[in-house]
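Quick mapping for you: the protein sequence lines, in order, are chains A and B. Numbered per our numbering, the first sequence spans residues 803 to 1293. Numbered per our numbering, the second sequence spans residues 33 to 195.
Warning: the hint list may mix true and false statements.
[To be verified] Using 25 Å as the maximum straight-line C-alpha spacing, the simulated DSS-like pairs for lysine-lysine come out as follows:
{"id": "1", "chain 1": "A", "residue 1": "K1209", "chain 2": "A", "residue 2": "K1256"}
{"id": "2", "chain 1": "B", "residue 1": "K63", "chain 2": "A", "residue 2": "K1274"}
{"id": "3", "chain 1": "B", "residue 1": "K58", "chain 2": "A", "residue 2": "K1254"}
Simulated from the structure, these hints should not be mistaken for laboratory data.
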Amino acid sequence: MKKILVANRGEIALRIMRTIRKMGIKSVAVYSDADRHSPHVLFADEAVCLGPAPSSQSYLNGDKIIAFCKELGVDGIHPGYGFLSENAEFAQKVTDAGIEFIGPTPEAMRIMGSKLAAKESVKKYNIPMVPGIDRAIDDVNLAIEIADKIGYPVLIKASAGGGGKGMRIVEKADDMQEQMERAISEAKSSFGDGSVFLEKYVTSPRHIEVQVVADKYGNVIHGLERECSIQRRHQKVIEETPSAIVTPEMREKIGDAAVMVAKSCNYVSTGTVEFLVDDKLNFYFLEMNTRLQVEHPVSEMIIGLDLVEQQIRIARGEKLGITQDDIKPNGHAIELRVYAEDPLNNFLPSIGTLTKYEKPTGEGIRVDDGYEEGMTIPIYYDPMIAKLVVHGKTRTEAIQKMLQAIKEYKIEGVATTLPFGTFVFEHDAFFSGKFDTHFVKNYYTPEKIKAKQKANAEIAAIVAIKYWQERKRMLIPVEHKSTSWKRRLAH
Amino acid sequence: MSKRNKTFMVKANEFVFSFDQEEIDKADFIKKNPAEFNLIKDNRSVNAKLLESDIAGKNLKIEVDGETFELVIKDELDQRLDSMGFSSTSTKHIKEIKAPMPGLVLEVAVKEGQEVKEGERILILEAMKMENSIMIHTTAIIKRIAVTPGQAVDKGQVLVELE
């Protein structure tokens, strides 16, 4: 492989290109009109514009991307995550065009991309699953009927969705109609497929997933688990590995289950098998993400593998150079997703210009980002600015390093999830490891962040007055040359 | 001028504090170097860093515990001047619905002149791939629709005006 096109934007495009360059391969960036200034475009060896800002006219235009590949002599496409990464039709077209798709086969994507086919596929391996319906529907009335049978709360999931997009919890029958309509419409516009899936919403769940790596010769290993239970709006914000609750026995069991899920669809490349874990540490298969996961850096840090490099090696036909026995956890890694969202205002998107942007640096600190100072966060895409990842010898050390790194991360111009991170990492429930996906609902209130900000603001105010008064004293000889105001006051 | 206790008002980002000179004098404050300070408050030892200051030292930027604060100091005179100014709070209430976040208007569900009831959907705003129903929390008549489907709006931009 001599030239790889990265069909993505932002931090992940840049992160993939870094590995591509490290491997002595040329990189091609794609971009929309909104992203001309993005670091991934500036970093790449070649870059092509796909069109206007909306994803449907740019990053989702697979045919245009393939045409550019032919024109530029590209022999591999890395799709990143999101956009076309789990689009089997696109992967098929890429393969048909004689270009290597750096990821799983279209067939594996088709199976795991449909939650129903996925469940069918893993059935014979006796992998436990959550109660729900075994077919996707797009009929509101039928959904209401089924939800009554399963019992509320019910989870609506887009059949083609992922990463929390197109997921809604419905607490009571009254809300079903509106929520269902929105879910279908959202699924249609985001994934081009309006069918949704209903299942029982397990209370007090933890979200634990397992990294898998598979070559083209049937060798599959797992790269340990990631704990992803800290979420807002059913989307992950904080991930860590190893999980604080997974025992060595459970690690082996859940790891084996993940490997079997991968084998059930003849999986190739890196992938992630997601599980729901209840308070008794029972785990249920949720879905498989057939792509590089957003939070892959935490795994890279503790297993010492560059997962993008593994993907490229696998794509060009190399055998896995490691066995399961080589995978040993080294220390502890935590990731905080830095979103342009206001944690004090219900995590609503906070769009603006990064008037200040300074990253933390140091040993065991990794920042995967796609922005620079002065750039504006566009409204068209996911509002993630960066992933702040730290590695420590122990979980406690990693948490402390994270808190320090957050302090050193200076972002002005937009509100971010950084203060939320501080809240979580200082919280007893997080520290003890006893938390579930309801962490935000159970513990988080903006007032707690506000109170801390106010205490710091008061200190800043006192320091300001002290500084000003001292400065005034020093300036007196100059300033006292009677201004008109002084004169007026004197009389 | 009357001799009163000196009162300072300090704005720090969105917070406002008032101090008298005594409180300031009592503060356990040391200067490590011209731009770095330490304050012990409520037994908490906190480091602060001066990032920016204007010549008079009344408009400053100070970092505390990783957070940056923009500060404006108003002494008694400044406060007096402010109170003499035109700070009349005109309570002119324009009835309108504003965008709670920036986004794209996907669909407008109402017409001008239409009567809408509490809880009815006015429009759908898409931001960051999420669709959000913008509901109305009162009963009113739509006077004017200020946006069209496909339009990008900023936070706070008027979406519809109400009678």
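A quick look at each hint next to the structure:
no.: 1; hint: K1209(A) - K1256(A); verdict: holds (16 Å)
no.: 2; hint: K63(B) - K1274(A); verdict: holds (16 Å)
no.: 3; hint: K58(B) - K1254(A); verdict: holds (22 Å)
The structure agrees with every numbered hint stated previously.
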